[in-house]
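Chemist: Each chain, letter by letter, is given below.
Number of protein chains: 2
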Amino acid sequence: MTEKGKLIVVSGPSGAGKSTVIARVMKDDPDVAFSVSATTRAPRKGEVEGRDYHFVDRAFFEKMIENAELLEHAQYVGDYYGTPKLPAFENIEAGKSVIFDVEVQGAAQIKLKCPEAVLIFIIPSDFSQIEKRLRGRNTDSEEKIARRIETARREYAMAEKYDYIVINDDPDTAANEMKAIITAEKCRASYRKKYLNEVSL
Amino acid sequence: MTEKGKLIVVSGPSGAGKSTVIARVMKDDPDVAFSVSATTRAPRKGEVEGRDYHFVDRAFFEKMIENAELLEHAQYVGDYYGTPKLPAFENIEAGKSVIFDVEVQGAAQIKLKCPEAVLIFIIPSDFSQIEKRLRGRNTDSEEKIARRIETARREYAMAEKYDYIVINDDPDTAANEMKAIITAEKCRASYRKKYLNEVSL
Numbered sequence: 002m003t004e005k006g007k008l009i010v011v012s013g014p015s016g017a018g019k020s021t022v023i024a025r026v027m028k029d030d031p032d033v034a035f036s037v038s039a040t041t042r043a044p045r046k047g048e049v050e051g052r053d054y055h056f057v058d059r060a061f062f063e064k065m066i067e068n069a070e071l072l073e074h075a076q077y078v079g080d081y082y083g084t085p086k087l088p089a090f091e092n093i094e095a096g097k098s099v100i101f102d103v104e105v106q107g108a109a110q111i112k113l114k115c116p117e118a119v120l121i122f123i124i125p126s127d128f129s130q131i132e133k134r135l136r137g138r139n140t141d142s143e144e145k146i147a148r149r150i151e152t153a154r155r156e157y158a159m160a161e162k163y164d165y166i167v168i169n170d171d172p173d174t175a176a177n178e179m180k181a182i183i184t185a186e187k188c189r190a191s192y193r194k195k196y197l198n199e200v201s202l
Numbered sequence: 002m003t004e005k006g007k008l009i010v011v012s013g014p015s016g017a018g019k020s021t022v023i024a025r026v027m028k029d030d031p032d033v034a035f036s037v038s039a040t041t042r043a044p045r046k047g048e049v050e051g052r053d054y055h056f057v058d059r060a061f062f063e064k065m066i067e068n069a070e071l072l073e074h075a076q077y078v079g080d081y082y083g084t085p086k087l088p089a090f091e092n093i094e095a096g097k098s099v100i101f102d103v104e105v106q107g108a109a110q111i112k113l114k115c116p117e118a119v120l121i122f123i124i125p126s127d128f129s130q131i132e133k134r135l136r137g138r139n140t141d142s143e144e145k146i147a148r149r150i151e152t153a154r155r156e157y158a159m160a161e162k163y164d165y166i167v168i169n170d171d172p173d174t175a176a177n178e179m180k181a182i183i184t185a186e187k188c189r190a191s192y193r194k195k196y197l198n199e200v201s202l
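Chains A and B, in that order, are what the protein sequence lines are. Counting in our numbering, the first sequence runs from 2 upward without gaps. Counting in our numbering, the second sequence runs from 2 upward without gaps.
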């Protein structure tokens, strides 16, 4: 019998290095898959359909909402973003753990629909690193940067509702923490009850 | 600031290979210490004071009970067995995780006093392996073996109350599971809250 995979939700403020850590976990563990989101926004340079996003039009997206085909969805700067249910659940049934990279509201929606979801929040050990990375990596106005930092602060306030906090000061250590969490969650007594049930008193 | 270590309680039926798995975890992770129990029974051949047990007399043991120096204790075939608090707590404060090898009643006593304790139950994937190991390793009477198997069944019935079940079909895999559990427990949001508290809104 194949053990079901785990549903792993990963959030974290912009600048926390989420995607690097997720990529390392997936490279090391072939039993981990990534949930590709759907969006109505146009592909950016270098983005690949089916790898970075499923690029769909508004009519298609709204049909998915109507048919309850999304685990969560939100609008952001006029575009839809959402998580298709079917491919994720197929992977989980086949024994693969699936990582969902979603922001804090999306994470809350998923946890509500799937209480067994494991919620991981990624941050550096020191908040000032977020500030530094946000300032370092773009040429935005001071106002825009300030708004991003404010958003990051608001997201931190939600992190206590997560199951785990992974510290990303070094991507390898952070990836090891995330892999350990996935392994440990598969050892949960509630998940492994079947090994006990066969021993009847 | 040193992060506190975790209090790890490990139980499992006789024949589950607990001590081998614990020894491997400790070999791999210098931040894991073992809680040495106290007992009034006489040392067996090869047993070393302070490594296998603290061998004490009844008067000393009863004094420890009276002074609430034990995390848990029980009598077994006329002898006392118990877990001294102080060395374990000193290790935990110093950042070492401490493994307590105790049976199911002792585990319940520890969980009651220390709700933050992490309870791990070790079993092979198939109960018949327990039977095989219990039959294979001793020259006891059929009656004694049957009693041991009955005890193992009773212990299985308690395993659902544990946080995790580690499957020991192969000691390396089992040790990796146990190490992952310790790492994951250190990532719990409740344990890492301090990283959030410094970011005030």
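By construction, these hints were calculated from the structure, which means they are not laboratory data. Here the structure is a predicted model, which means the values were calculated and not measured. Careful, some of the hints might be misleading.
When chains are identical, the list treats them as one kind, so a pair holds in a single copy or across two.
List time: in silico PhoX-like cross-link candidates among lysine-lysine, alpha-carbon distance up to 25 Å [what the hints assert, rightly or not]:
{"#": "1", "residue 1": "K5", "residue 2": "K180"}
{"#": "2", "residue 1": "K46", "residue 2": "K162"}
{"#": "3", "residue 1": "K187", "residue 2": "K145"}
{"#": "4", "residue 1": "K64", "residue 2": "K46"}
{"#": "5", "residue 1": "K180", "residue 2": "K64"}
{"#": "6", "residue 1": "K195", "residue 2": "K162"}
{"#": "7", "residue 1": "K145", "residue 2": "K46"}
Chemist: Could you run down the list of hints and mark each one as holding or not?
Modeler: Against the structure, the hints come out as follows:
1. K5 <-> K180: Answer is both; intra-copy 16 Å and inter-copy 22 Å each pass.
2. K46 <-> K162: neither (35 Å within a copy, 52 Å between copies)
3. K187 <-> K145: neither (41 Å within a copy, 35 Å between copies)
4. K64 <-> K46: neither (27 Å within a copy, 74 Å between copies)
5. K180 <-> K64: Neither: 36 Å inside a chain and 46 Å across chains, both beyond 25 Å.
6. K195 <-> K162: Result: close only across copies, 14 Å inter versus 29 Å intra.
7. K145 <-> K46: So K145 and K46 pass the 25 Å test inside one copy only (22 Å; across, 73 Å).
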